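Sequences listed follow chains B and W, in order.
With the numbering used here, letter number 24 in the first sequence gets 24, and the count goes up by one each step, no holes.
With the numbering used here, letter number 337 in the second sequence gets 337, and the count goes up by one each step, no holes.
Check the hints yourself; a few may be wrong.
Within a straight-line C-alpha distance of at most 35 Å, the following computed DSBU-like cross-link-like pairs (lysine-lysine) qualify [stated by the list, open to error]: (1) Lys68/W / Lys84/W; (2) Lys55/B / Lys68/W; (3) Lys7/B / Lys131/W; (4) Lys79/B / Lys131/W; (5) Lys28/W / Lys84/W; (6) Lys7/B / Lys84/W; (7) Lys131/W / Lys52/B; (8) Lys79/B / Lys52/B; (9) Lys68/W / Lys28/W.
One side only, chain W facing chain B, incomplete, derived with CB under 8 Å [unchecked claim]: (10) Gly26; (11) Lys28; (12) Gln69; (13) Pro71; (14) Arg74; (15) Lys84; (16) Leu222; (17) Arg387.
Rough simulated footprint, nothing fancy, chain W against chain B, three-plus residues with beta-carbon under 8 Å [unchecked claim]: (18) 26 to 39; (19) 69 to 80.
Derived from the structure by calculation, the hints contain no laboratory data.
A quick note: this is a predicted structure, and the numbers were derived from the prediction, not measured.
Yeah, the Cβ is synthetic: ideal placement off N, Cα and C, and Gly gets one too.
One letter stands for each residue in the lines below.
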Amino acid sequence: MSRDEIKDVLLEIIADIDEEADFASLDADAPLRDQLDLDSMDFLDIVMELRKRYKLQIPEDEYPQLATLTSCVNYLEPKLQNV
Amino acid sequence: MAAYQLLIIGGGLSGIAAGIRAARFGLKTLILEQHTLPGGLNSYYLRQGRLLETGLHAMTNFAPPGAKQAPLNRLFRQLHLSRKRFEFHEQLGSEIRFAGRSLRFGNDSALLEAAIDREFPEAVDRFRQLKEAIAACDPFAAAPWRSARQFLAEHLRHPLLEDMLLLPLMIYGNAEEHDMDLGQFVIMFRAVFEEGFFRPGGTMREFLDLLVRQYREFGGELRYRSPVAAIETDGERVVGVRLEDGEVLSADTVLSTAGIPETMRLSGWQGDRTRYAGRMSFMETISFVPRANAASLAQGRTIVFYHNGPRLDYRRPEDYLDTSWGVICFPGNFSGLPPEDPAQIRVTNTASYPRWHGLAAEAYGPVKERWTQAAVIASEEIVGNYRPSIVYQDSFTPVTIERFTRKAEGAVYGSGIKIRTGATPWANLFIAGTDQGYLGIVGAMLSGITIVNQHVLR
Numbered sequence: 001m002s003r004d005e006i007k008d009v010l011l012e013i014i015a016d017i018d019e020e021a022d023f024a025s026l027d028a029d030a031p032l033r034d035q036l037d038l039d040s041m042d043f044l045d046i047v048m049e050l051r052k053r054y055k056l057q058i059p060e061d062e063y064p065q066l067a068t069l070t071s072c073v074n075y076l077e078p079k080l081q082n083v
Numbered sequence: 001m002a003a004y005q006l007l008i009i010g011g012g013l014s015g016i017a018a019g020i021r022a023a024r025f026g027l028k029t030l031i032l033e034q035h036t037l038p039g040g041l042n043s044y045y046l047r048q049g050r051l052l053e054t055g056l057h058a059m060t061n062f063a064p065p066g067a068k069q070a071p072l073n074r075l076f077r078q079l080h081l082s083r084k085r086f087e088f089h090e091q092l093g094s095e096i097r098f099a100g101r102s103l104r105f106g107n108d109s110a111l112l113e114a115a116i117d118r119e120f121p122e123a124v125d126r127f128r129q130l131k132e133a134i135a136a137c138d139p140f141a142a143a144p145w146r147s148a149r150q151f152l153a154e155h156l157r158h159p160l161l162e163d164m165l166l167l168p169l170m171i172y173g174n175a176e177e178h179d180m181d182l183g184q185f186v187i188m189f190r191a192v193f194e195e196g197f198f199r200p201g202g203t204m205r206e207f208l209d210l211l212v213r214q215y216r217e218f219g220g221e222l223r224y225r226s227p228v229a230a231i232e233t234d235g236e237r238v239v240g241v242r243l244e245d246g247e248v249l250s251a252d253t254v255l256s257t258a259g260i261p262e263t264m265r266l267s268g269w270q271g272d273r274t275r276y277a278g279r280m281s282f283m284e285t286i287s288f289v290p291r292a293n294a295a296s297l298a299q300g301r302t303i304v305f306y307h308n309g310p311r312l313d314y315r316r317p318e319d320y321l322d323t324s325w326g327v328i329c330f331p332g333n334f335s336g337l338p339p340e341d342p343a344q345i346r347v348t349n350t351a352s353y354p355r356w357h358g359l360a361a362e363a364y365g366p367v368k369e370r371w372t373q374a375a376v377i378a379s380e381e382i383v384g385n386y387r388p389s390i391v392y393q394d395s396f397t398p399v400t401i402e403r404f405t406r407k408a409e410g411a412v413y414g415s416g417i418k419i420r421t422g423a424t425p426w427a428n429l430f431i432a433g434t435d436q437g438y439l440g441i442v443g444a445m446l447s448g449i450t451i452v453n454q455h456v457l458r
């Protein structure tokens with residue numbers, strides 16, 4: 001998957017979790033949780049959805065690497081290169 | 001490999017919500033319900049073509065769509081249900097009545113403050129400070145038990161107002177007698193006085209159908225008429241359950257929503273079960289009266305919490321029923337509901353499980369009839385007479401509640417001692433629902449969700 005494709009997948013997953021998510025003014029380098037007012041339960045859903053779709057196991061101590069949209073893409077790019 | 005990754009005992013709100021979470025992320029999940037209908041404590045039954053709800057007076061925790069961190073909106077996201085396709089009807093307004101003193105409140109939290117300013121002007125500044133102290137509390141942080149009564153007394157120094165505020169919060173969510181844990185008080189204060197009451201469009205049947213449909217769409221399985229006889233264990237783990245008909249089902253993880261005492265009995269969990277038997281149970285009487293009569297009784301109110309007597313005595317009564325305090329609910333009185341004729345009046349009072357349980361079969365009917373009358377007469381002193389216009393009436397007691405829900409001693413709010421983590425002596429057996437500690441319809445569902453998130457999904 002390309003970086004753009006990964007980004008689209010992430011936004012699609014978030015939109016599916018939160019029907020009110022507004023991406024219009026999303027800053028890719030600022031924390032997702034603050035900008036979208038998500039909580040740890042929503043965050044778990046992003047991780048679970050990635051696991052369901054791509055059989056991707058993300059250990060809890062690596063969750064901080066999913067803080068921003070850019071850091072998510074950086075983290076997922078090598079893991080999804082063959083998808 | 002086990003037949004199921006997750007087995008859930010109980011198809012009530014916590015069980016179904018737990019099931020939706022697990023099934024949504026691909027776990028092979030089965031819910032086992034003993035009854036022929038879902039819902040547990042918040043279900044319904046049919047009598048003479050009428051649908052009667054068992055638990056619901058109102059849902060608490062009303063929140064507008066934008067408030068993302070509000071429990072109600074978190075619930076919708078976690079269950080993957082669209083708020084936009086859901087009908088909300090807010091309360092018209094409610095009242096707390098203590099021997100001639102009255103406080104009206106609604107979903108606008110400023111109403112209660114204004115009511116206190118009118119009725120108890122000497123206490124309104126202290127009430128504002130109380131609200132600030134409540135706002136500063138984190139009821140979900142692990143903390144030892146603290147007395148809500150003492151907290152209220154320190155802030156308000158006004159015993160009557162303290163009791164008036166406690167009554168709705170205790171009746172709608174306190175398993176303990178006399179006092180309440182501060183954390184639980186804060187959760188209930190926010191749920192009732194700051195967020196407020198609403199009900200979904202339709203009846204409890206449509207609401208439960210929606211949840212069960214969501215669960216099944218994610219691939220979850222649900223079996224009715226399937227009472228569990230035992231939770232099978234092997235050393236430090238549970239391996240599955242045995243049904244009353246003898247069938248054995250294996251599972252990686254078991255989640256029990258049957259309460260701590262019942263889960264102890266099913267699993268052979270060593271300990272004193274009576275310690276976890278809740279003492280607060282209730283009798284409810286549902287009367288149907290022509291709509292024209294009901295309107296003059298309700299006078300624009302959705303729920304009336306009443307109390308006659310010196311101090312609020314929240315405990316199991318000595319007698320069958322204590323009609324000196326209780327709740328009168330007009331379930332048709334939510335904004336935007338289609339007119340219902342006849343309309344319902346629900347009266348709820350605390351009841352003694354041992355008294356009702358000890359009755360011989362032939363005595364139960366006449367005693368129930370007598371106390372049904374007593375409950376209605378007590379409510380007439382608050383809202384006006386309606387006995388002559390009743391077209392249909394039914395009531396249920398702690399014994400009925402225990403039979404249909406397996407909640408020991410009919411304790412609708414479960415054990416006074418909660419297990420917040422959901423953990424049991426077995427590494428893969430968890431509890432959710434009433435005895436985990438989040439109460440009410442929204443709370444029960446968040447309980448199921450939380451336990452699955454913490455122990456099953458990660």
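>> Interface hint check: Lys84/W, Cβ to nearest Cβ on chain B, cutoff 8 Å. Holds or violated?
In response: With Cβ-Cβ at 7 Å, under 8 Å, it holds.
Given hint Lys84/W paired with Lys7/B - CA-CA distance at most 35 Å: Holds. Lys7/B to Lys84/W sits at ~27 Å (cutoff 35 Å).
Quiz item: Given the hinted pair Lys79/B and Lys131/W, is their alpha-carbon gap at most 35 Å?
Solution: violated, 49 Å
### Message
Less than 8 Å between beta-carbons is the criterion; does Arg74/W satisfy it with respect to chain B?
### Response
Status holds, d = 6 Å.
**Asked** Does the alpha-carbon distance linking Lys68/W and Lys28/W stay inside the 35 Å limit?
**Response** Satisfied, since the Cα-Cα distance of roughly 30 Å is no more than 35 Å.
Given Lys28/W as an interface hint, is the shortest Cβ-Cβ distance to chain B below 8 Å? Violated, because the Cβ-Cβ distance from Lys28/W to chain B comes to roughly 13 Å (cut-off 8 Å).
Query raised in the report: For the region 26 to 39 of chain B, do three or more residues have a beta carbon lying closer than 8 Å to a beta carbon of chain W?
Result: Holds: 3 residues of the region 26 to 39 of chain B have a Cβ under 8 Å from chain W.
Are the Cα positions of Lys79/B and Lys52/B separated by 35 Å at most?
Cα-Cα ~14 Å, so holds.
*For the pair supplied as a hint, Lys28/W and Lys84/W, is the alpha-carbon distance within the 35 Å limit?*
holds, 29 Å
### chain B contact restraint for Gly26/W - C-beta distance below 8 Å
holds, 5 Å
Are the Cα atoms of Lys7/B and Lys131/W separated by 35 Å or less?
Since the Cα atoms of Lys7/B and Lys131/W sit roughly 43 Å apart, the hinted pair is violated (cutoff 35 Å).
Query raised in the report: Hint check: is the beta carbon of Gln69/W less than 8 Å from a beta carbon of chain B?
Result: holds, 6 Å
Consistency with the previously given hints fails for numbers 3, 4, 7, 11, 13, 16, 17, 19, ordered from lowest to highest.
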